[in-house]
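Trainee: Below, each chain spelled out in residue letters.
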Amino acid sequence: MSESTEKKMVRLRSSDGEVFEVEESVAKVAKTLQDMLEEDCADAVIPITCVRAPILTKVIDYCKDQVMISSSSSTTNNPNERTEQERKAWGQKFMEGVDSSTLCELLVASNFLNIEGLLNLGVDKMVSMIQGKYPQEIRDMFNVVNDFTPEEEEEIRNQNAWAFERDPYYKKRSSSK
Amino acid sequence: MALPGTWVAKEKRRTRRLKIAMQRVRVSSDYLPAKRLGDSQICLVPKFRISAGPGAATAPSWEVESSDGTLLQPIIPGLPDHVALNCLVRVPVENHSVCRAVCRTWRSLFYTKQRFFTWRKILGFHSPWLFLLALESWSGKLQGLLLNLSCPSTWHPVPPIPSKRRLEARSFGCAAIPQEGTLFLCGGMMSDEDCPLDIVLKFEMLKNRWTVVKPMPAARSFFAARKIGSYIYAAGGKSSDVRELNSAQVFDIAKEDWQPIVDMRVAMPSYDSAVLDGKLLVTEGWIWPFMFAPRGQVYDPKIDRWEMMAEGLCEGWTGPSVLLYDHLFVIPEHEEMKLKVYYSETDTWDTVEGNPMPEQISKPFSVNACDSNIFVVGKNLHVALGKVEKQPFSASGSERKRLHTFSVKWQAVPAPESFRGWTPSNSLVHE
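These protein sequences, in sequence, are chains L and R. Terminal number for the first sequence in full-length UniProt numbering: 177, no gaps in between. Terminal number for the second sequence in full-length UniProt numbering: 431, no gaps in between.
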């Protein structure tokens, strides 16, 4: 895949106007950018219109890491190669401290740029954030509006839970956010 | 739910939209509005590429209207619905009742299991469950339990069986339609008296309910019941006067109706049965003190005929069986429960290489399989999960010709203490 020894740089502009210069290999982790670069987009600044600078920074961090792993994975005994467990731990660490609104933006960015790995990390994070929460906590987290009528709410309360389900209303639990 | 044709059309439209959008990106950013959190839809929709199998490529779009025509809010504000949907279909079932109560949009996904699992399927997820009928330790009553095979942790009870009669373990027939999550429980013997039954009960997992369907024409217990195609075959067993039966019937699943098929060659109860190459295999199993070799019969539904079973197959069938890689595997009740596999080319059985069965598993046990995994449920409902691998056969050191051999790796999935004393009867896999 290496065309020249000189590292080709690519410039990306976030929605709020900040320009990032990254190596082409890093940009190419994003399939959307890869497709564009292969169709030769020359030296223009690529606008990433739905991604703000802080999110783009995080995305670039992810891409850089992916390049670091894959660049040395062809050689045997690669010190950077990760086991399944290490990858999981790394992913968890990468997503640590990401709040729900940042997560949504990260998901939008990785979906737009088509970065499968990051998208998967985001989805897993989202699921882990939902787990063990109560309806109001979920609404608060994701800005979802409670649009039930009182009758509908009553009906849901009375619906028999399926075999596995926790009771959404009556059990007390210590919250862990 | 939209028809597949419309999905394709939508997908095409989406791809075209994407292409146009991508061209815009290259020219100028001004065409694309910057999206903030809270915006409902993002018009750029590159195909969602989560590694979830072939279904993901043709995902239909999520309806934005509720049944009464009112516009629903986005699943998660700020996220394209298909991304949000891909998150929510991964939420474990324990949290569904909570998710259902979040808002109307979420309710429309989580309201029925049917809808939830349909979406999972559309997005290419595979969600197998193990259904087990087990005898409760304290009451001796038969109870249905489910184990989520994607992340097995504990058994979850399903509603009680709608029958006051107490059934003896393994006396009834059980057949499943794994793709639909439906199973049938037929006949059986009451545990407190010598009385076989003709009842047929249907359990639908997605609806989480039991229904009573048309009974069998003859009461039978300890018989063979297996699904082949869209039919369930019930053969042999013991009749009301505890005589052995040679009659057999077929149940049309769609019509829910029983019809007779040709009689078995000899009247025989069934210890175990299996379906191999589209034929129903029935064995009476070894009976203490193991003086005589067991009898076995094979039914071919294509020509409606019974044959006696090959000797090697019948003699080596020493435990509950399971079908994997189109081969019959048996966990012997004796012989230290070492998994063995049948080769029809040579009519012989071979022990499968691998670590021993986890020691938690003790008799009586029930066996089933899904993909390349075997699930053995033992007493106290501990589970052994066996990953079976197929290798090409290396010819060295043996003259016997076969295409491949198998190996197994066992792993224990202990059940919670609360299932101590429970006894497994029949298990089935739902996909």
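It cannot be assumed that every hint is accurate.
To be verified - Below, a list of computed lysine to aspartate or glutamate pairs in the DMTMM-like style, where the Cα atoms sit at most 25 Å apart: (1) R:LYS113 with L:GLU18; (2) R:LYS207 with L:ASP40; (3) R:LYS227 with R:ASP192; (4) R:LYS207 with L:GLU153; (5) R:LYS214 with L:ASP124; (6) R:LYS207 with L:GLU86; (7) R:LYS409 with L:GLU38; (8) R:LYS113 with L:GLU86.
Unchecked claim - Listed next, with one range per pair, are the computed distances between beta-carbon atoms: (9) L:PRO150 with R:HIS126: 50 to 56 Å; (10) L:ASP124 with R:LYS207: 44 to 50 Å; (11) L:SER70 with R:THR70: 47 to 53 Å; (12) L:GLU153 with R:LYS363: 46 to 52 Å.
Bear in mind the hints are in silico, worked out from the structure with no lab data behind them. All C-beta atoms in this analysis are idealised placements derived from N, C-alpha and C, irrespective of residue type, glycine included.
Trainee: None of the hints should be skipped; say for each whether it holds.
Mentor: So, going through the hints one by one against the coordinates:
Between the alpha carbons of LYS113 of chain R and GLU18 of chain L the distance comes to roughly 46 Å, so the proposed pair goes past 25 Å and is violated. A hinted pair counts as satisfied when its Cα atoms are at most 25 Å apart, and LYS207 of chain R with ASP40 of chain L does not qualify at roughly 54 Å. As the CA atoms of LYS227 of chain R and ASP192 of chain R are separated by approximately 29 Å, the hinted pair breaks the 25 Å bound. Of the pairs offered as hints, the one joining LYS207 of chain R and GLU153 of chain L holds, with about 21 Å between alpha carbons and a cut-off of 25 Å not exceeded.
For a cut-off of 25 Å, the pair hint linking LYS214 of chain R to ASP124 of chain L is broken: about 45 Å separates their Cα positions. Between the alpha carbons of LYS207 of chain R and GLU86 of chain L the distance comes to roughly 40 Å, so the proposed pair goes past 25 Å and is violated. For the suggested pair LYS409 of chain R and GLU38 of chain L, the alpha carbons sit about 45 Å apart, so the restraint of at most 25 Å is broken. As the CA atoms of LYS113 of chain R and GLU86 of chain L are separated by approximately 35 Å, the hinted pair breaks the 25 Å bound.
Between PRO150 of chain L and HIS126 of chain R the C-beta distance comes to about 39 Å, which lies outside the given range of 50 to 56 Å. For the pair ASP124 of chain L and LYS207 of chain R, the beta carbons lie near 30 Å from each other, so the given range of 44 to 50 Å is not met. Under the hint 47 to 53 Å, the C-beta atoms of SER70 of chain L and THR70 of chain R, about 48 Å apart, fit the expected range. Taken as a hint, the range 46 to 52 Å holds for the pair GLU153 of chain L and LYS363 of chain R, whose Cβ atoms sit roughly 50 Å apart.
Checked against the numbered hints given earlier, the structure breaks hints 1, 2, 3, 5, 6, 7, 8, 9 and 10 and satisfies all the rest.
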